Amino acid sequence: MFLRVPLFIFVSVTLLFAAGCRDAKIATYRVPRETPSAKETGIAPAAEATSLTPDPTTIPIVWQAPPTWTPKALGTMRKGSFLIRGDDGSEADVSIISFPGFAGGLVENLNRWRGQLKLPPLTAEQIAGATAELSSGNLKFTVVDFVGEGPAGPTRIIGAVLALSDETYFFKLMGPDVFAEKSRPAFIDFLKTVKTR
Amino acid sequence: MRDIWSSFVKFFVSLQLTVVLLSLSIILIFAATLDQVNLGIWAVQEKYFRSLFVLWNIKGFPVPVFPGGYFIGGLLFINLVSAHAFRFKLTWKKSGIFLTHLGLMLLLLGELFTGLWQKEYQLRLDQGQTRSYSESYRDNELAITDASDPKWDEVVAIPEKRLASGEPIQVAKLPFRVAIRSYYTNATVQMRDQLPNAPAAPATRDIGAKLALFPMAITYKQDDRNLPAAVIELFGPEGSLGTWLVSTMLMEPQIFDYAGKTWRLSFRFARNYHPYAITLLKFSHDRYLGTDIPKNFSSKIHVRSDDGKTDRDVLISMNNPLRYDGMTFYQQSFANNDNTSILQVVRNPSWLLPYVACILMGLGLLVQFGIHLFGFFVKRRTAVSS
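Protein chains in written order, with the numbering used here: chain X, 12 to 208; chain R, -15 to 370.
Hints were generated in silico from the structure; no laboratory data involved. Quick caveat: nothing in here was measured; it's all calculated off a predicted structure. Be careful, since some hints might not be right.
[As the list claims (entries may be wrong)] Straight line, CA to CA, 25 Å or less: simulated SDA-like cross-link-like pairs of lysine to any residue: (1) X:Lys183 - X:Arg96; (2) X:Lys203 - R:Met175; (3) X:Lys206 - R:Tyr204; (4) R:Lys157 - X:Ala35; (5) X:Lys83 - R:Ala131; (6) X:Lys36 - R:Arg331; (7) X:Lys36 - R:Ala131; (8) X:Lys36 - R:Pro46; (9) X:Lys83 - R:Tyr204; (10) X:Lys203 - R:Arg176; (11) X:Lys36 - R:Leu100; (12) X:Lys36 - R:Asp123.
Model the full assembly from the supplied sequences, consistent with the hints where possible.
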């Protein structure tokens, strides 16, 4: 019995200390050659991105933001993110996100934006009357302008939807009503810089 | 000497120690629950429960401020074992308590072994795709691959921790030394040509020369992950080969030639290779008729082992995982318009221990209550008859 207990203690303490020593070892191994990546073969990228944040080098479009806009860190969804700051301290947010295919459809997505402004959803016919077309090069944007309520009072969303062959891009400017309206020309000019790679 | 030993034994068998340890564990659980708001469940488990001490970073030095889960659990285990070795006596009347305590010991050991040995990975497969590796959720690695052979890849996988340490890395299989110029636990990258007043490029070679790097706050959210990045410089015998920006945001490897070989650089989820390949034959997302309410998710896969002993189809559904070669494959999620199946892959050699422990504890309580109940009936019958 007197031998058993110290043995138990020794084993337990050894295990406890082993728990604290998880070493990061460099591994070397040989594996069958991976299938060449999309970049190497020219095949469209497979939807195997395990990273939640988009790889900026694989985005099929490019844009040029105005020099007065400040780039912000991308979140897990955003492919572009900017802050517009006014002289009076007002701030508006510009985001660029994309979804595969038609991403649930235009009506649902525009109503999603309306929901962010606490506005009631519109029917497909009403949506058709609330949108405008903007053409730039070979790209066609569907542009909307909604005013509703945000956490800090009247808020405006000026949005543009760009449908490509296999994904849809959403450009959104959101900010205090008056400031967002003032930023509208810069946002429209920004949309005109968007081009396919 | 004998006195020291007896006081040592007395300390470990004492019921006071049990009470103190249980009180400490209550405080530990309470603090960890509060801190979960800041750290998220994963980091809390590591910081509070799977550690000997809870460490606070004071002026850059980790200072132990409270006993951690392994310390308290370990002492409880020793306390319980010592009590049985020195204090309790095995009798039929107390057999239930013994069984219950045995179950408790197994439960404590089970948690220790799970903490030490459990590994969790993810396997993402598009329909028709075959993979022989799964990927870690949280751990990343810098893979430097000699891609000169058309059939085989020679991989040197450097864990993220080594990049974070900042120390230069020299591996016999690499003809160059890897120096870590900077490391970021969480950072985002953007194309410089899309940014007004873009900051200087962080690297000189490949895509790093066209990107801007923005460090971000470390996230502890459960549904979010940090995206580490690093700027590395490679040195051959003749000097610097240039600097590369490696980021987990970049899906494509960066390719370069050196010493007559083609090399690929990729900062990616840490991979765990299996001696078998899994192909996703079909992913099914069944809904209740006429609704969008999910009814069942299942993946029909094909498993083929390298040694040819296994070559079969398997259906994995939500409560029917595949257990194979020490790994368990659960249906976890799906993506890409139902074309991609995501399987959770878990390796836990001690997965049976909690079940055995709970059965033993249940049985022990049943036996103990049964003995008492039986004693009570006997006593009552004797009282009535007298």
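Original post:
Taking only the CA atoms, is the gap from Lys203 of chain X to Met175 of chain R under or equal to 25 Å?
Top reply: Status holds; Cα separation ~18 Å.
Original post:
Does Arg176 of chain R lie within 25 Å of Lys203 of chain X when you go C-alpha to C-alpha?
Top reply: 19 Å, holds
Original post:
Between Lys206 of chain X and Tyr204 of chain R, is the straight-line Cα distance small enough, at 25 Å or below?
Top reply: Answer violated: Lys206 of chain X to Tyr204 of chain R is near 36 Å, above 25 Å.
**OP:** Assess, step by step, whether the Cα of Lys36 of chain X is no farther than 25 Å from the Cα of Pro46 of chain R, and give holds or violated.
**Re:** 23 Å, holds
Subject >> Given hint Arg331 of chain R paired with Lys36 of chain X - CA-CA distance at most 25 Å >> reply: Holds, at roughly 19 Å.
Original post:
Keeping to a limit of 25 Å between CA atoms, is the pair of Lys36 of chain X and Asp123 of chain R held or broken?
Top reply: Answer holds: Lys36 of chain X to Asp123 of chain R is near 13 Å, not above 25 Å.
**OP:** Take a quick look at whether Lys83 of chain X and Ala131 of chain R sit within 25 Å of each other, Cα to Cα.
**Re:** 36 Å, violated
**OP:** Could you grab the alpha-carbon distance between Lys157 of chain R and Ala35 of chain X and see if it respects the 25 Å cut-off?
**Re:** Given that 25 Å is the threshold and the Cα spacing comes to 18 Å, the pair holds.
Original post:
Does the alpha-carbon distance linking Lys36 of chain X and Leu100 of chain R stay inside the 25 Å limit?
Top reply: 16 Å, holds
Subject >> Straight-line alpha-carbon gap Lys183 of chain X to Arg96 of chain X, limit 25 Å >> reply: 16 Å, holds
Original post:
Within 25 Å, alpha carbon to alpha carbon, are Lys36 of chain X and Ala131 of chain R?
Top reply: Distance ~22 Å between Lys36 of chain X and Ala131 of chain R Cα, so the pair holds.
**OP:** Assess, step by step, whether the Cα of Lys83 of chain X is no farther than 25 Å from the Cα of Tyr204 of chain R, and give holds or violated.
**Re:** 20 Å, holds
Hint check: violations occur at hints 3, 5; the rest are consistent with the structure.
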